[in-house]
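Whenever a hint applies, use it, and build me the whole structure from the sequences.
Protein chains in written order, with the working numbering: chain A, 24 to 401; chain B, 1238 to 1432.
Don't take each hint at face value.
Unchecked claim - Non-contacting residues of chain A with respect to chain B, defined by C-beta distances greater than 10 Å in every case (computed):
| no. | residue |
| --- | --- |
| 1 | G36 |
| 2 | H166 |
| 3 | P193 |
| 4 | E217 |
| 5 | A251 |
| 6 | E259 |
| 7 | A260 |
| 8 | Y289 |
| 9 | A362 |
| 10 | D393 |
| 11 | R397 |
Unchecked claim - Chain B is faced by these chain A residues, among others (derived, beta-carbon under 7 Å):
| no. | residue |
| --- | --- |
| 12 | A355 |
| 13 | V357 |
| 14 | A366 |
| 15 | S368 |
| 16 | F369 |
| 17 | P386 |
| 18 | E387 |
The set of hints was computed from the structure by calculation and includes no laboratory data.
For clarity, every value in this text was computed on a predicted model and none was experimentally measured.
Idealized CB from N, CA, C, for every residue including glycine.
Now for the letters of each chain:
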Amino acid sequence: MATLAASTDQRFGLARHVRLPGAFALDGGATLDGIEIAYETYGTLDADKGNAVLICHALTGDQHVASIHPRTGKPGWWTRMVGAGKPIDPARHFIICANVLGSCMGSSGPATIDPKTGQPYAMAFPVITLRDMARAQALLLDHLEVPVLAAAVGGSMGGMQVLEWAATFPRRVRSAVVIASAARHSAQNIAFHEVGRQAIMADPNWQRGDYYGTGAAPAAGLAVARMAAHITYLSEAAMHDKFGRKLQDRGQVGFGFDADFQVESYLRHQGISFVDRFDANSYLYITRAMDYFDLAQEHGGRLANAFRGSATRFCIASFDTDWLYPTSESRAIVHALNAAGCAVSFVELTAPFGHDSFLLEVPELFGMIDGFLRAGAP
Amino acid sequence: MNLRPDLALIAEHVVPGSRALDIGCGDGDLMAVLRKAHVDVRGLELDPANVALAVARGLSVVQGDADADLAYYPDDAFDYAILSQTLQTARRPDQVLAELLRIGRRAFVSFPNFAYWRVRWGLMWGGRMPVTKALPVSWYETQDIHHLTIDDFRALVAESGIRVEDAWFLRGSKRIGTAAANLLAEHAVFLLKRD
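Structure, rendered in structure tokens:
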């Protein structure tokens, strides 16, 4: 199998960044005058360009899927899935992971400078959708001269982007892997996101979004948003097993409001470490994009219409302890795919970790994805 | 691969190039054979571990329940719906049969025959629910909730206006004749068609 060496093409590799010129029309009606996309690629593109795999990240994820994160120094967020001997293997696949539109790790978002004003967009950044994110990724693939994806793969919000990919560009995706995700955001999902957004906007340092360069950012609000969200990523049982009612560095409760319980100190730590790597306005925009997501509504109210006539193979997986995107949401996707006559596989996996299971050690998930991707390889 | 005798029989009679849904497909043994024969085959299976194994083999299998999930498949979606050794576990076998012939133009149905002489013998002389090769599990732990005989099945399809296109009878892995099949067959495989 002939391959192009990655080193000969500056577009390929880690920590890449591209400005894609031209008007980028958004679902919301606004237009961005060119967009920037930060991305990474791993492995080499086959001569026939048939081995490209797009990985779509979740709400607060980024392009560092299997490389060291520049701000935290930690390994990539999906090294269990991506790497030598893993289901998505740079020895076989040309792996692309891009920071989504609206985010803060190098792609166009509210912290980006608005060329019209010379100032960061802040809340003047237009509201975006999951489909806008997928369209931006499609432009990146055009830039990389990748016509067709062997697979698009993602969990949680990443899975929603994969669904958008399959619906919007059916001929560009041969296989689609959607893990712990949904075809629409439920009222409960929207409610949790609203709690987070209100926490950010109630922080006096938010300054209606114009906090860039002021030396003050809504860190407390963003940390609270992350704490609330983090609870939704775990299962009750996992939290109980990990923390129970155990106290933090003390023998008895302190009759005050310090972090008496280990679970409190854990959540505070999750909140505080998050603000070092994420922008509060990006959190507002991306959660909004997720809340607006409703693939059925985009296709005349019938989810099956989104997939009709598609030759894409689908693999859908949910987890029995995930109450944020419960199995019923995955089943709705499966039923729609059946109704559309698509080739679909689905399983509800048993895992103790709640929604976060897609990021953690669930061997059955890896076996399944590995087999599914190998079976689709030409 | 050594296919279970009823599955081997079904595999022999599915026309290459057709579309089939294997309901209760286990870890995909029959599907793998059908795929080699260029059948566009999909599966439905209750046990998640089996689904994961089948998907890891590259098969398209959905975790679900024949009682509840067949309703989500459109009319005439398949040339064949295959239900092997699952009818006796269905809550409403009559409704499952109707679903099979709604989503498939033809249906293969295989089941253990409760009128097999060894079963009769055990019940008659032992006075206890029989445990045989075809019914290997004690009454309290079996998933079978609707035991049936070949004659019961013939009566049901006749009442339902379903045509029997073909039928095969097995004792162990050996094919036996139609005569006295209700007494002598451990297993039956029927090929049904809408009338």
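- Message: Checking each numbered hint in turn, tell me which of them this model violates, lowest number first.
- Response: Those not satisfied are hints 9, 10, 11, 12, 17.
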